[in-house]
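Chemist: These are the residues of each chain, in order.
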Amino acid sequence: MNAVLTIDRLCAKLTANGARLLSNISLGVAAGEVHGLVGMSGAGKSMIAKAVLGVLPPAVRVTSGSIRFSGTEIVGLSRLGMRELLARGIALIPQDPLTALNPTRRIEAQMTDVMRARLGLDAKAARLRALSLLEEVQIREPASVLRRFPHEISGGQRQRVLIAIAFACNPKLIVADEPTTALDVTVQKQILRLIHELRSKHGTAILLVTHDLGVVAKICDSLSVMHAGVIVEQGAVADVIAAPAHPFTRALFAATPRHDRPDHELRPVPDAMQRAVAEAST
Amino acid sequence: MVDVSMPSLAPQRRLFRLAGNTRVLAGGSVLALLVLVALTATWIAPFDPLDQDLAAQMQPPVFSAGTGSHWLGADSLGRDLLSRLIYGTRIALEVAVFAAMPTAILGTALGLIAGYYGGVLDAIISRLVDVWTSFPPVLLSIILVALIGTGLSSVVIAIIVIDWTRFCRVIRAETVKQRHMDYVDAAVVAGLRPLTILWREIVPNVLPLAVVLLTLEMGIAITVEAILSFVGLSVSSDTPTWGGMIAEGRTVVHQAPWIMAFPMLALLVTVLALNMLGDGLKAELDPVLR
Amino acid sequence: MLVDRILSRLLQAIPTLAGVAVIVFVLVRVVPGNPIAMMLPPGATQADIERLKALYGFDKSIAEQFLIWTSHALFGDFGISISLRQSVMGLVFSKLPATLELVLLATMVAVSLGVSLAVVGTRFQSEWPEAVIDGLTGFVQSVPDFIWSLALILVLGVLFPVLPISGRSDPRIGLNYATPFQLTESLVRLDARAFFDIFRHMIMPALALALPFAAIVARVLKSSLAEEMTQDYVLLARVKGFSEWRVIVGEALRNAAIPTVILTGVQFTFLIGGTVLVERIFSYPGIGNLAIDAVLNRDLPLIQGLVLVFAVLFITINLLLDFATVALNPKLSHG
Chain V
113 MNAVLTIDRL
123 CAKLTANGAR
133 LLSNISLGVA
143 AGEVHGLVGM
153 SGAGKSMIAK
163 AVLGVLPPAV
173 RVTSGSIRFS
183 GTEIVGLSRL
193 GMRELLARGI
203 ALIPQDPLTA
213 LNPTRRIEAQ
223 MTDVMRARLG
233 LDAKAARLRA
243 LSLLEEVQIR
253 EPASVLRRFP
263 HEISGGQRQR
273 VLIAIAFACN
283 PKLIVADEPT
293 TALDVTVQKQ
303 ILRLIHELRS
313 KHGTAILLVT
323 HDLGVVAKIC
333 DSLSVMHAGV
343 IVEQGAVADV
353 IAAPAHPFTR
363 ALFAATPRHD
373 RPDHELRPVP
383 DAMQRAVAEA
393 ST
Chain G
76 MVDVSMPSLA
86 PQRRLFRLAG
96 NTRVLAGGSV
106 LALLVLVALT
116 ATWIAPFDPL
126 DQDLAAQMQP
136 PVFSAGTGSH
146 WLGADSLGRD
156 LLSRLIYGTR
166 IALEVAVFAA
176 MPTAILGTAL
186 GLIAGYYGGV
196 LDAIISRLVD
206 VWTSFPPVLL
216 SIILVALIGT
226 GLSSVVIAII
236 VIDWTRFCRV
246 IRAETVKQRH
256 MDYVDAAVVA
266 GLRPLTILWR
276 EIVPNVLPLA
286 VVLLTLEMGI
296 AITVEAILSF
306 VGLSVSSDTP
316 TWGGMIAEGR
326 TVVHQAPWIM
336 AFPMLALLVT
346 VLALNMLGDG
356 LKAELDPVLR
Chain Y
46 MLVDRILSRL
56 LQAIPTLAGV
66 AVIVFVLVRV
76 VPGNPIAMML
86 PPGATQADIE
96 RLKALYGFDK
106 SIAEQFLIWT
116 SHALFGDFGI
126 SISLRQSVMG
136 LVFSKLPATL
146 ELVLLATMVA
156 VSLGVSLAVV
166 GTRFQSEWPE
176 AVIDGLTGFV
186 QSVPDFIWSL
196 ALILVLGVLF
206 PVLPISGRSD
216 PRIGLNYATP
226 FQLTESLVRL
236 DARAFFDIFR
246 HMIMPALALA
256 LPFAAIVARV
266 LKSSLAEEMT
276 QDYVLLARVK
286 GFSEWRVIVG
296 EALRNAAIPT
306 VILTGVQFTF
316 LIGGTVLVER
326 IFSYPGIGNL
336 AIDAVLNRDL
346 PLIQGLVLVF
356 AVLFITINLL
366 LDFATVALNP
376 KLSHG
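Protein chains in written order, with my numbering: chain V, 113 to 394; chain G, 76 to 365; chain Y, 46 to 380.
Heads up, a few of these hints could be off.
What the hints assert, rightly or not - Partial selection, computed: residues in chain G whose CB lies under 10 Å from chain Y:
#	residue
1	Tyr162
2	Arg202
3	Leu203
4	Ile218
5	Val220
6	Ala301
7	Val310
8	Leu347
9	Asn350
To be verified - Partner residues are not named here, just some residues of chain V that face chain Y (Cβ under 10 Å, in silico):
#	residue
10	Leu165
11	Arg195
12	Leu198
13	Arg200
14	Ala203
15	Asp225
16	Arg230
17	Gly232
18	Asp234
19	Ile277
What the hints contain is simulated information worked out from the structure, not anything from laboratory work.
Note that CB positions come from ideal geometry on N, CA and C, so glycine has one too.
Please build the complete structure, drawing on both the sequences and the hints.
Modeler: Structure follows, in structure tokens:
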């Protein structure tokens with residue numbers, strides 16, 4: 113497999129008390145593939161995203177295992193090495209478009225700074241590229257949006273701007289951390305469709321972190337189901353949905369609203385199940 | 076919920092734990108030493124602080140000159156610096172006690188009233204604090220002392236009139252916080268009178284904070300007295316004060332820098348010690364920080 | 046919107062100023078102590094006293110005196126200084142520029158020092174430079190500007206005599222400038238010799254004023270930077286591959302500056318108040334020094350005029366701080 117990102121038996125602990133956060137995480141994302149990382153909050157999926165981006169908080173320590181991006185090891189990389197690696201092709205679509213844009217800088221500055229730094233464009237070229245990117249993410253009147261501050265545009269527009277920033281420097285891999293959670297349901301659909309289209313057009317690999325199986329079913333090719341720091345099930349989306357092997361996955365499906373079957377009865381993931389899985393993983 | 080009740084340690088054990096804190100220990104020791112010096116000034120001072128030894132005018136300290144009868148040297152009138160420094164401790168501590176204490180009591184009382192009763196009283200007191208603090212204290216104290224006349228009692232009055240806001244602001248905020256605690260509600264339900272609740276339930280809980288502020292206020296009061304002595308608005312120039320000595324030394328600083336250096340160091344050490352004591356007490360007494 | 050804000054703030058300032066004027070006027074007159082007696086040589090007759098009283102208007106009732114004083118003050122006439130026998134307005138205008146230049150220099154030093162310390166401390170969070178900066182700012186803040194002034198005189202004026210310890214310029218320079226803004230004028234005239242001489246005289250008083258203020262700026266800014274550094278936009282900037290310095294200075298600093306300006310605004314008025322004492326210690330000829338002389342001589346017209354000048358200064362500073370907050374925060378300045 114032509115993997116852009118390979119995580120191999122990654123383990124991480126809390127520095128303070130040695131509590132285990134991630135155990136033997138292994139997964140791969142191939143070029144042009146969308147891999148969904150699913151689980152309930154606290155399962156450790158955001159921790160994996162942070163590890164890939166090299167922004168783990170100091171309170172968390174990777175104890176063993178490796179993360180490789182296009183053949184380069186990320187675990188143990190220096191601050192400078194990580195910056196170079198990020199510049200070579202990793203981008204982020206953050207969770208909350210309200211807080212992910214700097215409130216004191218205009219949209220133009222926040223879009224063009226990264227292009228000027230990574231692609232070496234001058235101010236004029238960067239502005240032209242920002243305009244065409246904004247058209248690509250279907251923002252109307254891109255020239256006027258460039259002049260605005262984040263609080264002057266809507267939440268959906270902000271998320272589009274953030275997607276445009278993520279795609280700005282032709283990344284090989286995009287980490288999308290709950291990209292639709294903070295948005296209205298109608299806007300969610302548009303944003304997912306947009307990410308899907310851009311992925312097909314640019315062939316970018318995406319690691320999509322979400323708690324929403326519905327999102328995974330819509331745009332992912334493969335998925336890993338996480339619980340309490342462990343991957344309990346992995347495979348192609350179609351296979352896992354058709355026949356979930358692990359009881360936790362089945363429970364998670366039962367707790368997910370099915371738009372195709374409105375009469376579907378929602379059942380919460382039983383506590384006993386959560387405890388059993390947690391114990392099995394320690 | 077945060078545990079806000081005071082720890083149920085016996086008083087002796089609490090004193091021991093306070094002494095175990097290095098900052099409290101260091102600051103407290105310096106303060107104790109100053110009190111001792113002030114109390115025994117008449118016996119330990121080698122000379123009368125007002126005696127003019129014309130042969131010893133601007134005599135350098137023994138450790139730099141190697142000779143002489145004045146350990147820390149003498150000032151431009153030939154008065155013994157060490158003795159003046161020792162007697163100056165008395166004024167400094169008098170101000171620390173007689174200015175800082177009433178300031179603390181006044182400010183804390185007004186803070187408790189504003190915080191507990193709220194409403195119009197709170198609005199009036201808070202507005203007063205705002206107006207008061209919009210003017211810089213040094214300028215205000217100079218003008219005030221000039222108006223009510225010079226002297227130690229004027230300095231004390233000026234400090235009280237100006238600095239009560241420091242206590243009022245903090246104690247008010249803390250009282251408002253305590254007012255909304257469950258144990259206060261319980262006392263209200265039990266039918267206790269407001270004054271009883273204030274005295275029995277709230278005062279013990281804001282007292283540690285007031286003590287910390289009092290320690291810091293002592294340092295401020297000593298500095299303000301020194302400043303007013305320096306400017307010439309405190310006690311008469313005969314009485315030895317650190318600020319007065321600094322003012323004298325400032326005029327001859329090129330010829331005899333030690334005349335200004337020693338009282339300045341005394342002031343610096345005192346202020347730092349009181350700050351350290353205050354910080355240490357804060358860390359020890361603050362139920363949230365602990 | 047911005048114009049509305051300025052107008053409403055200016056309107057609010059009028060009652061404040063009027064209040065200050067009334068309080069000072071009454072206070073100065075009801076307290077004991079006779080300023081006229083201090084002006085006369087011993088052995089002056091009762092007739093001499095009455096004549097002087099009439100000259101300065103002290104023979105009228107307080108209400109009358111206030112009306113006369115106000116009507117003159119509205120046209121910029123604040124009376125004649127008793128001790129210096131010059132017009133109060135003229136004295137203020139000849140001394141105020143020295144104070145303004147000193148305050149401006151001190152502010153520039155304090156802000157640049159405070160901001161640098163906060164940025165460096167944030168860059169090396171939980172490493173040794175942060176501990177050093179925290180210890181340093183804590184120490185500097187706990188020592189009042191009075192002691193800083195004296196320590197500077199002893200160290201840089203006497204022990205290593207590199208800087209002058211009093212005055213504003215060396216009389217041997219023989220300055221003959223058109224304006225009392227001497228530092229500014231020397232700069233405009235490109236008069237290097239005069240500029241460096243005036244500047245050298247200002248270094249120590251400016252430092253004494255600036256050090257405690259810088260420590261407060263550093264502490265407040267550092268804690269609000271620490272909060273900003275946990276925001277998502279900082280995470281995004283890091284993922285963009287920017288250096289930590291660029292993330293702090295280019296992204297977080299401006300957001301962190303907004304609470305800092307508000308919180309240190311009060312401290313800034315203290316800095317103005319501090320000039321009174323620092324000017325005295327360094328014999329610097331500004332309005333602070335003038336104010337102490339006025340107080341020591343019970344020079345009523347001068348005290349009144351100076352208190353009003355200080356009140357105007359504080360109001361102006363608060364206005365400027367208000368606008369700084371608006372300018373920093375695009376949510377307030379743009380619709």
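Chemist: Taking the hints in turn, state whether each one holds.
Modeler: Results of checking the hints against the structure:
Residue-level restraint check for tyrosine 162 (chain G) is violated (minimum Cβ-Cβ distance to chain Y is 20 Å; threshold 10 Å). Given the 10 Å rule on beta carbons, the hint for arginine 202 (chain G) is violated: about 12 Å separates it from the nearest Cβ of chain Y. Contact between leucine 203 (chain G) and chain Y, as hinted, is not supported at the beta carbon level, the nearest pair being about 13 Å apart and thus beyond 10 Å. The interface hint given for isoleucine 218 (chain G) holds, since its Cβ lies 6 Å from the closest Cβ of chain Y, which is under the 10 Å cut-off.
Interface restraint check: valine 220 (chain G) against chain Y, minimum CB-CB distance 8 Å, threshold 10 Å, status holds. Look at alanine 301 (chain G): its Cβ gets to within about 7 Å of chain Y, closer than 10 Å, so that hint holds up. Taking 10 Å as the C-beta cut-off, the interface hint given for valine 310 (chain G) is violated, the closest approach to chain Y being about 15 Å. Hint status for leucine 347 (chain G) relative to chain Y: holds, with the closest Cβ pair at about 6 Å, below 10 Å.
For asparagine 350 (chain G), the suggested interface contact is upheld, since its CB lies about 4 Å from the closest CB of chain Y, less than 10 Å. Interface restraint check for leucine 165 (chain V): the shortest CB-CB distance to chain Y comes to about 5 Å, inside 10 Å, so the restraint holds. The restraint placing arginine 195 (chain V) at the interface with chain Y holds, with a minimum CB-CB distance near 5 Å, inside the 10 Å limit. With a cut of 10 Å, the hint placing leucine 198 (chain V) at the interface with chain Y holds, because the nearest CB-to-CB distance is about 4 Å.
Look at arginine 200 (chain V): its Cβ gets to within about 9 Å of chain Y, closer than 10 Å, so that hint holds up. Interface hint at alanine 203 (chain V): satisfied, since its Cβ lies 7 Å from the closest Cβ of chain Y, which is below the 10 Å cut-off. About 7 Å separates the beta-carbon of aspartate 225 (chain V) from the nearest beta-carbon of chain Y, less than 10 Å, and the hint is met. This hint holds: arginine 230 (chain V) has a C-beta 7 Å from the nearest C-beta of chain Y, less than the 10 Å allowed.
About 13 Å separates the beta-carbon of glycine 232 (chain V) from the nearest beta-carbon of chain Y, more than 10 Å, and the hint is not met. At a threshold of 10 Å, the smallest CB-CB gap from aspartate 234 (chain V) to chain Y is about 18 Å, leaving the interface hint violated. Given hint, isoleucine 277 (chain V) at the interface with chain Y, holds; its Cβ is 8 Å from that chain's nearest Cβ, closer than 10 Å.
Of the numbered hints stated above, those contradicted by the structure are hints 1, 2, 3, 7, 17, 18, listed in ascending order.
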